[in-house]
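A.B. asks: Sequence:
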Amino acid sequence: MIRFLSSIRLTIALLILIIILSVTGTLIPQGETPGFYQHYSPRWSGIILGLQFDHLYRSPLFLSLAFLFLLNILFCSSQKLPAKFKQIRGQIEFNPVEGQPGSDKKFITGFSNWLWSEPDSLAAGLKQKHYRVKIEEASGQKTLLAQKGQLGLFGPEIVHLALVIIIIGGLISALFSQRLTLALSEGQTADLPGKNFSVKLDRFTTDYYPDGSVKSWQSLVSIIEQGQIKKQKTVEVNRPLKYDGLNFFQMSYGFDWDKAQVELEIKGTDLTASNLTLGVGEKVQIGPGLTLSLITFIPDFEIDEEGQPASRSAEANNPAALVQVTREGQPVYRGWLFYYQPDLNRVQSQPDFNLEISLKKFEAPVFSGLEAAGDPGMNFVWSGSILLFLGLLACFYAGYRQLAIRVQPAGKPVLVARCRHDQAAFYSELEELLGQRPADRINSARKK
Numbered sequence: 001m002i003r004f005l006s007s008i009r010l011t012i013a014l015l016i017l018i019i020i021l022s023v024t025g026t027l028i029p030q031g032e033t034p035g036f037y038q039h040y041s042p043r044w045s046g047i048i049l050g051l052q053f054d055h056l057y058r059s060p061l062f063l064s065l066a067f068l069f070l071l072n073i074l075f076c077s078s079q080k081l082p083a084k085f086k087q088i089r090g091q092i093e094f095n096p097v098e099g100q101p102g103s104d105k106k107f108i109t110g111f112s113n114w115l116w117s118e119p120d121s122l123a124a125g126l127k128q129k130h131y132r133v134k135i136e137e138a139s140g141q142k143t144l145l146a147q148k149g150q151l152g153l154f155g156p157e158i159v160h161l162a163l164v165i166i167i168i169g170g171l172i173s174a175l176f177s178q179r180l181t182l183a184l185s186e187g188q189t190a191d192l193p194g195k196n197f198s199v200k201l202d203r204f205t206t207d208y209y210p211d212g213s214v215k216s217w218q219s220l221v222s223i224i225e226q227g228q229i230k231k232q233k234t235v236e237v238n239r240p241l242k243y244d245g246l247n248f249f250q251m252s253y254g255f256d257w258d259k260a261q262v263e264l265e266i267k268g269t270d271l272t273a274s275n276l277t278l279g280v281g282e283k284v285q286i287g288p289g290l291t292l293s294l295i296t297f298i299p300d301f302e303i304d305e306e307g308q309p310a311s312r313s314a315e316a317n318n319p320a321a322l323v324q325v326t327r328e329g330q331p332v333y334r335g336w337l338f339y340y341q342p343d344l345n346r347v348q349s350q351p352d353f354n355l356e357i358s359l360k361k362f363e364a365p366v367f368s369g370l371e372a373a374g375d376p377g378m379n380f381v382w383s384g385s386i387l388l389f390l391g392l393l394a395c396f397y398a399g400y401r402q403l404a405i406r407v408q409p410a411g412k413p414v415l416v417a418r419c420r421h422d423q424a425a426f427y428s429e430l431e432e433l434l435g436q437r438p439a440d441r442i443n444s445a446r447k448k
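Per the numbering used here, residue 1 is the first one in the sequence shown, and the count goes up by one each step.
I should point out that these hints are in silico values taken from the structure, not numbers from a laboratory. Just to be clear, a hint being listed does not mean it is correct.
[To be verified] In silico lysine-lysine, BS3-like type, Cα no more than 27 Å apart, as pairs:
1. 142 / 360
2. 195 / 142
3. 195 / 283
4. 105 / 134
5. 259 / 360
6. 86 / 361
Based on the sequences and whatever the hints tell you, model everything.
C.D. replies: Here is the structure:
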């Protein structure tokens with residue numbers, strides 16, 4: 001099992017599957033209703049809903065692959081870390097690699113003679129090159145270990161750790177993130193599920209450009225907890241209010257047409273009122289035994305595919321009010337009143353009933369559209385991203401270099417020189433260092 005989880009083949013397979021699913025998630029609209037997917041793709045809607053691809057990044061399949069990829073990274077790193085820690089601590093395997101500078105006889109002879117005769121001089125030269133040097137001598141054998149750029153040795157593991165943190169953050173976000181839309185009128189308060197505080201909209205203002213287009217929205221929002229205002233701030237676009245792990249963003253504004261007030265003009269005989277203002281659902285007596293009711297108001301009237309009145313948008317592009325007049329409780333007048341096209345009023349009335357009603361004015365309270373978003377995994381993602389950047393810097397700009405030499409009275413000297421990348425520069429550095437050795441004294445000491 002460990003061998004399987006640490007397999008590079010598994011890594012490649014998981015990456016391919018995750019990429020395929022991610023592309024699929026960009027092609028399939030996310031977070032829609034089941035009816036939307038049945039209309040969007042009748043053939044595939046069953047699969048989309050069955051596999052929960054309507055919320056793909058929270059689907060069991062995607063989360064399982066992400067978790068398996070997390071385990072794969074952890075096991076891959078755990079296989080390599082022990083050997084690297086041994087290398088840092090100086091537990092060196094003196095097995096020169098062909099093609100590395102350690103297999104060059106010039107370096108073997110030069111550095112082994114230098115270590116044998118003047119180890120302090122060699123250590124000083126290496127330290128000038130920013131190496132950390134350790135020299136040991138036992139039973140006539142001398143061993144030197146010089147290293148620098150140790151952070152670069154662990155660069156891949158730092159990158160792996162960063163990916164682990166990012167994946168953990170993504171999993172936390174997928175499972176526990178919150179997103180709630182609030183539509184509040186001035187003075188209105190809303191409770192938040194799972195929270196012990198409420199949100200109140202104290203004031204909403206809109207700024208306009210000279211041409212009349214919207215410049216910005218500002219919502220003065222209060223956080224109320226146990227009857228006390230804990231925090232108050234003006235929320236604007238890209239300037240959220242932050243409280244208890246939630247960010248409150250200014251998203252939109254609109255009109256609450258369900259609370260619309262309309263002004264009607266009525267012409268007829270025996271009326272007690274000719275101009276009146278009333279809200280949706282209200283009734284007003286307009287004459288002896290006559291009652292007028294405002295049934296509903298639609299800001300952008302249209303007839304939908306099912307032949308029913310509906311609103312094309314939330315803008316007041318074609319406002320219409322449905323009114324009804326009753327006499328002694330019996331309907332005698334019912335019709336749609338259009339603000340811009342009064343001649344198109346659809347009226348159903350008794351033949352002997354003579355009454356004219358027109359829509360003269362309308363208004364509705366403005367609401368502010370706020371989004372409350374909480375993502376407990378975001379800090380993990382940001383931390384992992386920073387660590388990923390540092391890991392990449394360690395990989396490419398903190399190149400690990402190691403020089404290990406072992407000499408003894410009897411037997412051939414051994415030299416191991418390793419670097420992670422830019423071997424040519426390492427080779428040049430060793431040549432430059434070798435050129436600084438006190439050759440005459442070394443040669444004479446070696447002959448003795």
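A.B. asks: None of the hints should be skipped; say for each whether it holds.
C.D. replies: A quick look at each hint next to the structure:
1. 142 / 360: violated (103 Å)
2. 195 / 142: violated (68 Å)
3. 195 / 283: Given that 27 Å is the threshold and the Cα spacing comes to 39 Å, the pair is violated.
4. 105 / 134: holds (23 Å)
5. 259 / 360: holds (17 Å)
6. 86 / 361: Roughly 84 Å between the alpha carbons, so the hint for residue 86 and residue 361 is violated.
Going through the hint list in order, the structure does not satisfy hints 1, 2, 3 and 6.
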